[in-house]
Amino acid sequence: MVWARRCWIRLQGLLLRGRNAQQLHDEIQFHLEQQIAENLGAGMSREIAKDLRYGLRLLATLFVSMEWQMSRATQLPTTIRTTIRNLNPDLVVDNIKTASELVTDTLISQLLMAELSTFFGGLVLLLVCVGLYGSMTYSVARRTREIGVRMALGAPREGLIWMVTREACIELAIGGPIGIAAAVAATRVFEASSSVSARQIPFRWPRRSWLLRASAWPLPSFRYAGQCASTR
Amino acid sequence: MLIVDNHSMAKPNDLVQGTLDLLILKTLSLEPKHGWAIAKRIQQISGEVLQVQQGSLYPALHRLEQKAWIKAKWKETETGRQAKFYSLTVAGRAQLEKEAANWSRLSAAINLVVETT
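If you read the protein sequences in the order shown, they are chains H and A. Going by this note's numbering, 19 is the number at position 21 of the first sequence; the sequence numbering is gapless. Heads up, this note's numbering is the position in the second sequence plus 14, with the first residue counted as 1.
Please note that the accuracy of each hint is not assured.
[Said to hold, decoys possible] Pulled a few chain H residues facing chain A out of the computed Cβ check, cut under 7 Å: (1) R3; (2) C5; (3) E25; (4) H29; (5) Q32; (6) I34; (7) L100; (8) R186; (9) V187.
[To be verified] A few chain A residues that don't get close to chain H, going by computed Cβ distances all over 12 Å: (10) I52; (11) L75; (12) L126.
Simulated from the structure, these hints should not be mistaken for laboratory data. The model shown is predicted, which means the values in this text are computed figures rather than measured ones. Quick reminder that beta carbons are idealized off the backbone N, C-alpha and C, glycines included.
Chain H with its partners taken away, still in its complex shape:
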C-alpha cells in the first residue's frame, strides 16, 4: 500500500506540476495570512496589514506568473529587490527563490531519477516490442511452407492459429518468470547501489517492462498466425 501511495504521489508530481504549484502557492498564502493575523493581534496597525495583504497578493500573482511565464522570471528578483529597497535600504536581499523552487530543490534527485527512469523505461519497452514483433515475424515466415502444407492437408484455420500462439505461450511461461525474477534482482541491486530507493520511482520500469513484454509476447504471434492461416 505504501508503495502504491508513493507511486501515485510521484505520478501526480510528474503529471500535475501546474496544479501542485498552485496548491503550494495557496498554502503559502494561507501561512502568510495567518502570520499577518497574528501580527495584528500583537499590535500591528491595520494600515500596514492592509498594505501587506496587497503586497502579498501582488507577490503571489508575480510568483504564479513566474511559474507559468518564463519570460517574466528574470524580472521578478529585480522587482522584489526594488520593492524591499524602497521599504528599507539597509536590508540586503540575496538568493531569491519561489516556494516551488525550494520544494523542487529538496526533491531534485528523486524527480530526476523518476524522469530518467520513465524515459529510459519507455524507450526499452518500445525497443522490446519492436524486437518481439520482428522475431515473431521471422519465425512464422520461416514456417510458411509448413503451414501451407498443413492447410493443404485440411488443417483448420483455428488449429493453425493455436499452433503458433501455443508456442509463444510456452516461451512466455518459461521466459516470463525468469524475466520477472531477473527484474526483481536488478531492482534490489539498484536499490543497494543507489541512495534513491526504487520505490521512489513512479513505475518500477525494469519490472514493468518485463511484465509488459510478457503480456505483449502472444500478440504478434497471434496476428501472424492469423495471416499465415489466411494464406492461399
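Dock chain A against chain H, hints included.
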C-alpha cells in the same frame, strides 16, 4: 530551521540536519495540522527556541509527503478558509518511532561525550 537564543540574542544557528523531519512527524502524531499550525506548535513546545521558517517547512512537508510518511487533505479551518491539513500515515508512525529511537541514541551519545570530556 532556526534556534533562537533568547538570552544572549546571538545570531540564530542551523539545527542539526534531519531533525526537522522528526519534529514534524512528532507534531503530527497527535492530530492533523496545516503548515502554519505545525510551525507554531514546534515554536510553542520548544519554548520559542525553535522557529521553523517557511523555506524549510514546506519543502520538508512535501518531501515527507513524497515518502508517504504523511498525507495531505484540503479542509476548512475554523475561520472557513481552505487549508492543506497534513496527517501521519501508518508508515509515518513507524518512521517516527525509528527516528525518535535514533535521536535518543544520538543525543545520549553526545551528552556522554560532553559530560565526560
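Against the structure, the hints come out as follows:
A least Cβ separation of about 4 Å between R3 (chain H) and chain A falls short of the 7 Å threshold, and the interface hint therefore holds. A hinted interface residue such as C5 (chain H) counts as satisfied when its beta carbon comes closer than 7 Å to some beta carbon of chain A; here the least separation is about 9 Å, so the hint is violated. Given hint, E25 (chain H) at the interface with chain A, holds; its Cβ is 5 Å from that chain's nearest Cβ, closer than 7 Å. Checking H29 (chain H) against chain A by beta carbon gives a least distance of about 5 Å; that is within 7 Å, so the hint holds.
The beta carbon of Q32 (chain H) comes within 4 Å of a beta carbon in chain A, closer than 7 Å, and the hint placing it at the interface holds. Interface restraint check for I34 (chain H): the shortest CB-CB distance to chain A comes to about 11 Å, outside 7 Å, so the restraint is violated. At its closest, the beta carbon of L100 (chain H) sits 5 Å from a beta carbon of chain A; the interface hint therefore holds under the 7 Å criterion. With its C-beta approaching chain A no nearer than about 19 Å, R186 (chain H) sits outside the 7 Å limit, and its interface hint is violated.
The beta carbon of V187 (chain H) comes no nearer than 22 Å to any beta carbon in chain A, farther than 7 Å, and the hint placing it at the interface is violated. The non-interface label for I52 (chain A) is inconsistent with chain H: the shortest C-beta to C-beta separation is roughly 10 Å, within 12 Å. Against chain H, the non-interface label of L75 (chain A) is violated: not every CB pair exceeds 12 Å, the least being about 9 Å. Residue-level check passed: L126 (chain A) sits 30 Å from the nearest beta carbon of chain H, beyond 12 Å.
In summary, the numbered hints that this structure violates are 2, 6, 8, 9, 10 and 11.
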